[in-house]
Amino acid sequence: MRLRVLNSFLIGTVILLGILGLLERLGLSSDLVTRLLFALLLVSLVFSGVRARSVRTTDMFVDGYRMTPLPNGLAMAMVATGALGYSFWPGEIFANQLSGFTVPLGVIGGVALMGALFVPFLRRADVLTPLELLQQRFNSRILLLLATVISATAILCVLVGQISFLFNLSSRFTTVAPESALIVILVGISLPLVLGGMRAASWLQMTMAILVGFGFLLFLAWIALDLTGLPMPHLSASDAWTATRLLQEDAVLRDLAQPSDVSWLEMLPADWRMISLGMLGVALGVSAFPPLLARAQTTRTAKESDASIGWALVFLLALVCTLPVYAIFLKYQITQSITGLSVNSLGREAPFLFSMTSGLSLCGIPVSNLQEFISACGEGHRLTASDLQIAPMAFMTALPDIIVGLGRPVPQTMAAMLACGALAALVAVVSACMISLSHHVALDLYAKFLGTSSPMSRIVFLVRLSVIGVAVATYWLLTWPPLNPYLQHPEMLILAGFAIAAGGLFPSFCLAIWIGRAGQIAALGAMVVGTAITIAMMGIGLGLDQFGSLSAIVQPLIGDAYPIAAAGLPGAIAGLVSGLVLAIVVPTRKPDTISARLSGQAEH
Amino acid sequence: MALLILAALIGAPLFATRLPSNLIMGLPSTLVFLAIGMPAIFLVLAIFKISLQHGLDRNYELDREDQLQRRRVPKRLKAFPVKAIDVPDPDIPETESAGMREKTRENENAGTDQSSPVKVAG
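Line by line, the protein sequences are chains H and R. 1 is the number of the first residue of the first sequence in my numbering; add one for each residue after it. 1 is the number of the first residue of the second sequence in my numbering; add one for each residue after it.
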């Protein structure tokens with residue numbers, strides 16, 4: 001049934017895009033095209049809410065166990081990547097070359113690790129939230145409270161980081177103030193979640209995945225068609241890369257570029273620890289990230305949740321192998337158009353550079369006016385492709401303007417679809433984070449921690465209320481002035497969220513599922529130690545003074561590793577080790593195990 | 001399987017730095033390995049894990065109805081090493097179970113005692 005509806009949505013989107021393209025050729029204004037595409041997204045939000053409205057408990061928490069593997073895998077891939085994967089990763093690879101694969105591969109590894117360690121057992125436990133497994137397994141309210149606080153912190157970091165990509169999108173493609181766009185998006189996501197809970201989140205993520213696929217691939221196919229005559233970007237990438245290399249070699253012969261500029265996307269940094277530790281840290285965090293674990297609970301059987309992991313990995317593979325294609329095509333076009341240009345003639349030859357809002361740097365300084373460029377690059381300096389840098393966060397929003405500025409025609413439908421895809425990716429991940437936070441408040445805190453014997457109807461009502469509360473809290477956080485500096489680097493916030501999940505939750509889930517001897521003392525110790533070590537590592541990575549003495553010991557070990565990405569790794573290891581030691585030293589008391597508790601209930 | 005995935009995460013960058021600098025499908029071998037090879041390795045490991053679990057864990061394909069029926073006979077789940085105990089199933093009433101036991105005993109004694117009352121379950 002769901003596949004049929006998804007197919008209909010897919011066909012409907014294709015038809016709408018075709019109509020919009022035709023209307024644009026007939027003279028429809030580009031502004032109206034953009035608005036119509038954003039309207040398509042809002043219609044999808046409303047459709048999800050209306051289609052998925054429900055009052056059943058299982059629908060609100062686990063989508064009634066109705067998800068089948070393919071749509072669930074699609075939704076998982078959306079939650080794992082979100083706006084970070086869509087808007088940031090292509091720019092990261094363009095800017096940092098092969099080092100930019102650290103976080104994408106860490107996310108894929110994390111999804112695979114989640115499938116190996118947690119997914120089928122979580123599904124088999126028949127719990128409504130991932131933290132309910134910890135509460136049932138260890139029978140400890142303190143542990144549940146601590147786990148909820150850690151999980152909520154991790155989810156909030158990811159939520160705020162992901163949604164801050166909206167500001168770039170709204171300033172580039174709309175005329176509304178960023179705060180107003182934020183309100184519209186939060187209301188638009190909250191409405192279906194209030195109506196249908198997890199069921200609505202599932203529908204949202206599935207429909208947004210289709211828009212993301214169109215947005216990510218259509219624009220790329222157009223560029224490939226324009227460059228090579230074939231709309232197959234993956235097949236044309238090798239020709240574009242080879243052509244770029246030849247142009248760079250020619251530039252070296254003409255004394256315009258350095259020999260090191262010729263090598264692009266060829267070599268990893270010699271210090272491979274940087275990549276490895278970052279990937280491991282991200283993978284551990286993603287594997288224990290509650291919104292992803294909650295997605296795995298929505299299938300009918302444990303086998304289907306495993307199959308969902310397989311499908312998620314298929315979609316993530318498709319995403320990761322498309323990331324460098326964007327970078328290759330843009331690099332080729334920039335190399336072809338800018339190499340050899342005199343900086344004095346930029347105003348005449350490349351005026352588009354001065355009309356773009358932000359994210360571009362030339363000779364190391366942000367784009368502003370011609371005189372500053374001449375001062376930075378030097379009078380009469382002849383440009384090479386390496387002189388132009390694009391901030392990863394601005395890559396996808398700047399891409400259509402750069403392509404058009406370099407003289408390549410791009411239909412507004414394509415450019416608007418690229419933006420619509422970015423917004424769809426954001427909606428998918430924000431819906432997952434918001435519904436998980438609501439579940440924490442309503443079930444984990446109110447029902448389980450406070451121990452209120454409330455009927456499920458009240459808990460369902462609390463879920464609905466909590467969605468509104470979470471939306472208000474998100475708006476307040478995003479407009480809170482002290483947080484503004486961190487919103488300029490949303491990828492750091494998101495990686496911090498994964499690190500907290502790695503240090504605080506990963507050891508506990510491992511102990512709960514794999515170590516039968518572990519009791520609540522072991523789980524508590526693992527959680528506390530893991531979280532403390534992770535926070536200390538993040539403090540060292542950020543260079544905070546309080547951690548100066550620790551930094552002198554740790555820095556030589558990790559080298560130039562991404563400090564935030566790798567921060568969760570030592571926390572997870574320390575948490576696991578301390579949990580294992582406590583499991584051996586402190587024997588499990590029978591009344592603390594789930595089986596003894598059930599036998600006590602059975603006697604009564 | 002988790003150890004294999006962790007080994008892939010640790011070893012892949014080291015392997016990528018030692019790859020020869022030649023071209024695969026017109027692109028650098030390191031790029032192809034990171035963009036296609038590594039995700040494919042994770043996918044293969046996941047598929048291998050599913051097929052392994054399907055073969056070894058007889059509880060793998062159980063769905064909810066099957067679980068309800070089997071709860072009367074506790075199983076030691078391979079993936080969840082908590083000692084299983086006989087938990088009365090709230091969905092299967094005691095009277096029904098007693099009636100089924102009575103019927104089973106009656107069927108076993110069918111050849112010896114013709115005067116035993118026949119109790120039909122349900």
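Hints may be right or wrong, so weigh each one.
[Unchecked claim] Rough simulated footprint, nothing fancy, chain H against chain R, three-plus residues with beta-carbon under 8 Å:
1. 31 to 41
2. 44 to 53
[What the hints assert, rightly or not] Here are some, though not all, of the chain R residues that point toward chain H, as calculated from beta-carbon distances under 7 Å:
3. Met1
4. Ala2
5. Ala7
6. Leu9
7. Ile10
8. Leu14
9. Ala16
10. Thr17
11. Pro20
12. Ile24
13. Met25
14. Leu27
15. Pro28
Keep in mind the hints are simulated off the structure, nothing from the lab. Cβ coordinates follow ideal geometry from the N, Cα and C atoms, glycine included.
- Query: Holds or violated: is there a CB of chain H closer than 7 Å to the CB of Leu27/R?
  - Reply: holds, 5 Å
- Query: Can Pro28/R be said to touch chain H, with a Cβ gap under 7 Å?
  - Reply: holds, 4 Å
- Task: Classify the hint on Thr17/R as holds or violated, based on whether any CB of chain H lies nearer than 7 Å to its CB.
- Result: holds, 5 Å
- Query: Is the shortest C-beta separation between Ile24/R and chain H less than 7 Å?
  - Reply: violated, 9 Å
- Message: Quick check on Ala2/R please, does its C-beta sit within 7 Å of some C-beta on chain H?
- Response: holds, 4 Å
- chain H contact restraint on Ala7/R - CB to CB distance below 7 Å: violated, 11 Å
- Given that the stretch 31 to 41 of chain R was listed as covered by chain H, double-check it with a C-beta distance under 8 Å for 3 or more residues. holds (count 7)
- Task: With a cut-off of 7 Å on the beta carbons, see whether Ile10/R makes it to chain H.
- Result: It holds, given that the least Cβ distance between Ile10/R and chain H is near 5 Å, below 7 Å.
- Verdict on chain H covering the stretch 44 to 53 of chain R, where coverage means 3 or more residues with a C-beta closer than 8 Å: holds (count 6)
- Message: Let's test the interface hint: is any C-beta of chain H closer than 7 Å to that of Met25/R?
- Response: holds, 6 Å
- Message: Interface hint check: Ala16/R, Cβ to nearest Cβ on chain H, cutoff 7 Å. Holds or violated?
- Response: For Ala16/R, the interface hint holds, since the closest Cβ of chain H sits about 5 Å away, which is under 7 Å.
- Measuring from the C-beta of Met1/R to each C-beta in chain H, is the shortest one below 7 Å? Status holds, d = 4 Å.
Checked against the numbered hints given earlier, this structure breaks hints 5, 11, 12; the rest are met.
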